[in-house]
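Protein sequence lines, in the order shown, are assigned to chains X and Y. For the first sequence, the positions run 1 to 337 when this note's numbering is used. For the second sequence, the positions run 1001 to 1337 when this note's numbering is used.
Hints listed in this document are in silico derivations from the structure and should not be mistaken for laboratory results. Do not rely on the hints blindly, as some may be mistaken.
Said to hold, decoys possible - Below are the DMTMM-like pairs computed for lysine to aspartate or glutamate, each with C-alpha atoms no more than 20 Å apart in a straight line: (1) X:LYS162 - Y:ASP1024; (2) Y:LYS1100 - Y:ASP1211; (3) X:LYS238 - X:ASP135; (4) X:LYS238 - X:ASP24; (5) Y:LYS1162 - X:ASP135; (6) X:LYS163 - Y:GLU1144; (7) Y:LYS1028 - X:ASP303; (8) X:LYS17 - Y:ASP1303; (9) Y:LYS1028 - X:GLU21; (10) X:LYS301 - Y:GLU1144; (11) Y:LYS1301 - X:GLU21; (12) X:LYS35 - X:GLU103; (13) X:LYS162 - X:GLU42; (14) Y:LYS1017 - X:GLU169; (15) Y:LYS1163 - X:GLU144; (16) Y:LYS1017 - X:ASP303; (17) X:LYS281 - X:GLU260; (18) X:LYS238 - X:GLU133.
As the list claims (entries may be wrong) - Just the calculated beta-carbon pair ranges, DEER-fashion: (19) X:LYS17 - Y:ALA1023: 44 to 54 Å; (20) X:THR251 - Y:GLU1260: 22 to 32 Å; (21) X:ARG333 - Y:GLN1203: 23 to 33 Å; (22) Y:PRO1194 - X:ASN236: 55 to 65 Å; (23) Y:ARG1249 - X:THR251: 28 to 38 Å; (24) X:GLY192 - Y:LYS1301: 50 to 60 Å; (25) X:LYS238 - Y:ARG1333: 22 to 32 Å; (26) X:VAL245 - Y:ARG1069: 36 to 46 Å; (27) Y:ARG1139 - X:ARG139: 49 to 59 Å; (28) Y:GLY1293 - X:PRO96: 42 to 52 Å; (29) X:LEU80 - Y:LYS1301: 35 to 45 Å; (30) Y:ALA1190 - X:LYS301: 20 to 30 Å; (31) X:GLY234 - Y:GLY1051: 28 to 38 Å; (32) X:GLY142 - Y:VAL1033: 19 to 29 Å.
Said to hold, decoys possible - Counterexamples of contact, computed for chain Y against chain X with all Cβ distances above 10 Å: (33) ALA1023; (34) PHE1025; (35) PRO1156; (36) GLN1195; (37) ARG1200; (38) MET1235; (39) ASN1236; (40) ARG1318.
From the three backbone atoms N, C-alpha and C, an ideal C-beta is built for every residue, glycine too.
2 protein chains.
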Amino acid sequence: MRIIIVGFGNLGRGICKAFVEKADFLRKVHGLVPKVVAVADEFGAAVDENGLDLPQLLKTAESYKTVARYRGGRRGKLVLDLIDEVSADLVFELTPTNIKNGEPGLTHIRRAMQAGKHVITSNKGPLVVAFKELDSLARKQGVEFRYSASVGGAVPVIGLAKKLLSANEISEIRGVLNGTTNYILTRMSAEGVPQEIIIREAQELGLAEKDPTLDIDGIDTACKITILANAVLGMNAKLSDVKVVGIRRITPEATRLAQEAGQMIKLVGIARRDLLEVAPKLVPLGHPLAVGGTLNAVTFKLDLAREISITGFGAGPRETSSSLLGDLIDIHRALGG
Amino acid sequence: MRIIIVGFGNLGRGICKAFVEKADFLRKVHGLVPKVVAVADEFGAAVDENGLDLPQLLKTAESYKTVARYRGGRRGKLVLDLIDEVSADLVFELTPTNIKNGEPGLTHIRRAMQAGKHVITSNKGPLVVAFKELDSLARKQGVEFRYSASVGGAVPVIGLAKKLLSANEISEIRGVLNGTTNYILTRMSAEGVPQEIIIREAQELGLAEKDPTLDIDGIDTACKITILANAVLGMNAKLSDVKVVGIRRITPEATRLAQEAGQMIKLVGIARRDLLEVAPKLVPLGHPLAVGGTLNAVTFKLDLAREISITGFGAGPRETSSSLLGDLIDIHRALGG
Chain X
1 MRIIIVGFGN
11 LGRGICKAFV
21 EKADFLRKVH
31 GLVPKVVAVA
41 DEFGAAVDEN
51 GLDLPQLLKT
61 AESYKTVARY
71 RGGRRGKLVL
81 DLIDEVSADL
91 VFELTPTNIK
101 NGEPGLTHIR
111 RAMQAGKHVI
121 TSNKGPLVVA
131 FKELDSLARK
141 QGVEFRYSAS
151 VGGAVPVIGL
161 AKKLLSANEI
171 SEIRGVLNGT
181 TNYILTRMSA
191 EGVPQEIIIR
201 EAQELGLAEK
211 DPTLDIDGID
221 TACKITILAN
231 AVLGMNAKLS
241 DVKVVGIRRI
251 TPEATRLAQE
261 AGQMIKLVGI
271 ARRDLLEVAP
281 KLVPLGHPLA
291 VGGTLNAVTF
301 KLDLAREISI
311 TGFGAGPRET
321 SSSLLGDLID
331 IHRALGG
Chain Y
1001 MRIIIVGFGN
1011 LGRGICKAFV
1021 EKADFLRKVH
1031 GLVPKVVAVA
1041 DEFGAAVDEN
1051 GLDLPQLLKT
1061 AESYKTVARY
1071 RGGRRGKLVL
1081 DLIDEVSADL
1091 VFELTPTNIK
1101 NGEPGLTHIR
1111 RAMQAGKHVI
1121 TSNKGPLVVA
1131 FKELDSLARK
1141 QGVEFRYSAS
1151 VGGAVPVIGL
1161 AKKLLSANEI
1171 SEIRGVLNGT
1181 TNYILTRMSA
1191 EGVPQEIIIR
1201 EAQELGLAEK
1211 DPTLDIDGID
1221 TACKITILAN
1231 AVLGMNAKLS
1241 DVKVVGIRRI
1251 TPEATRLAQE
1261 AGQMIKLVGI
1271 ARRDLLEVAP
1281 KLVPLGHPLA
1291 VGGTLNAVTF
1301 KLDLAREISI
1311 TGFGAGPRET
1321 SSSLLGDLID
1331 IHRALGG
């Protein structure tokens, strides 16, 4: 399979590392030989119709902060040209999330589909801004479109709903979908330390962004709830439809009182046909949503199976490559591979 | 899709109730119209090439304890004749588990495959006795073979591993796979009551069999570990390869001491390439396997995603119909439906 990767931050590098590490496994178990023919980052691009040398590409990106320094690489805004002109089957769109207008990811995905290329993305922006449009465009163009990594990181939340719970009507999805806030709440509860101090430490550990607003204020979780509402419940939801309260007002005292009552305070996202909400909620100890640290967890309410919950790591480039690579294998299978 | 159901206990009736209740959903959402053309139980059979009247069939089975009393029904051992002679696409094999030789389920499944019919089963017996044979026979005959309901009840354990974690190498599967023992251990821990008393109450509530030996002694869990080893890890495991210790020696005192140390005692099954084991283990509170009541839970250890866990109801005819019907939808899709 001939692949273009757009965006070469942690996730782009993570999937390339997985291609290198798991080349034998992919070929032997799945009959899949991924060949990366072009990679673009914000500064430039590297192209080789015969397949880039991935270990060399990774070394170049680490050393020079851009793939443009790979042999024969070029500087400049080259993404759309690559998407249009390089012969490839599939585009990984892995640029940073922009929830205002979805750009530049939205344009990348549209152009890739228009060029007849399958698309895999982790990018919440385009999905929040234009889910229906992209879903329809993929059908119209006859290309595959997957976005497992956009919700739950390594946890296959969307796949579980679409592929394994298909006998059920899903009445509600409830999830702890943001590892950063879950880490903060877990430590507040365990140590009684104020939020600001834990946020600072989390930033030093790389567990929180320099500007943690989107996490702390519940916007990241609201994006994921919007995606689940559209992709799983078949709604036509916008981010502004989600009632959002973040965790800023949660004090160590509140987490302590909850724990004394056998409960944990979690930032919970809820998607139901009559309600889209993100807010801190009490969850009983022992409930599948009462997960600690940076874990994510999702519970589906179902007419036959009653409740099914899934838990795992919601972030990290290596963990998330499980979802990105899973989508690639799924497309490979869908194409008869 | 034309369907034969063999075995009409709780699960057989459960799937028929789901066909009735969800007829609109299956047709509209999945384009699937299941037509049950024959049903056999231990006393006889009901056949209608144009499709049985399921509400009438269910009423008959409730009133007379056999489908032989359905209009035109016949008494006698008719299963193999039905499988060979009735025109159908698929056989549900739902007779009781026999772990000694897998019969009569094993013969039913073989004959169905030889007759070119797809097979869905919940029956652990044939899978424990002859997994490789049946897996090969299905391939040779070009028929689909699914057995999601044999492990985890409503929890799609096998599907998760095979369809959604495909990018990963699975190094270990760990599971709480028997609802009866989990119910007993949960109540012992909460109430400090001896095992024998809780078993008697569980029997009255229908949560334990008249002879609970297979559950209590860990054999049921060992069957599920054998199936997971074969179906997910690609091993060639037999039931006798599993080291098994049940929960008979666990006292209320032991559960109390565990709880004081922030742990729960669970009957845990482990499948690894170098170890197949069932035994009571300590599980920390807050771990995904620390589920209470009749819940089941499974954790996969993975090279990319690290750990993914799934939880839900491991028994109950309505819950299990989620897996049986899920398998049917999956086959319908695999056939291009």
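Exercise. Far enough from chain X: is every CB of that chain over 10 Å from the CB of GLN1195 (chain Y)?
Worked result: holds (21 Å)
Problem set entry | 20 Å limit on alpha-carbon distance, applied to hinted pair LYS17 (chain X) and ASP1303 (chain Y) | holds (13 Å)
Exercise. So the hint says 42 to 52 Å: do the beta-carbon atoms of GLY1293 (chain Y) and PRO96 (chain X) match that?
Worked result: holds (43 Å)
Problem set entry | Given as non-interface: ARG1200 (chain Y), which should sit over 10 Å from chain X by C-beta | Since the minimum Cβ distance to chain X is about 26 Å, ARG1200 (chain Y) lies beyond 10 Å and the statement holds.
Exercise. Holds or violated: is the Cβ of PRO1156 (chain Y) farther than 10 Å from all Cβ atoms of chain X?
Worked result: At roughly 4 Å from the nearest Cβ of chain X, PRO1156 (chain Y) sits no farther out than 10 Å, so the non-interface label is violated.
Exercise. Is PHE1025 (chain Y) truly not at the interface, in the sense that its beta carbon sits beyond 10 Å from all beta carbons of chain X?
Worked result: violated (6 Å)
Problem set entry | Given hint GLU133 (chain X) paired with LYS238 (chain X) - CA-CA distance at most 20 Å | Holds, at about 13 Å.
For this session: Return holds or violated for the Cβ distance of ARG1249 (chain Y) and THR251 (chain X) against the range 28 to 38 Å.
Result: At 46 Å between Cβs, range violated.
Problem set entry | LYS238 (chain X) paired with ASP24 (chain X) [C-alpha distance capped at 20 Å] | violated (42 Å)
Exercise. Range hint 22 to 32 Å: satisfied by the CB atoms of THR251 (chain X) and GLU1260 (chain Y)?
Worked result: holds (29 Å)
Exercise. CB of LEU80 (chain X) to CB of LYS1301 (chain Y), is that within 35 to 45 Å?
Worked result: Holds, since LEU80 (chain X) and LYS1301 (chain Y) (Cβ atoms, about 42 Å apart) stay within the stated range.
Exercise. LYS1017 (chain Y) and GLU169 (chain X): Cα distance at most 20 Å?
Worked result: holds (15 Å)
The structure fails to meet hints 4, 5, 9, 10, 12, 13, 21, 23, 24, 26, 27, 34, 35 and 40 from the earlier list, while all remaining hints are met.
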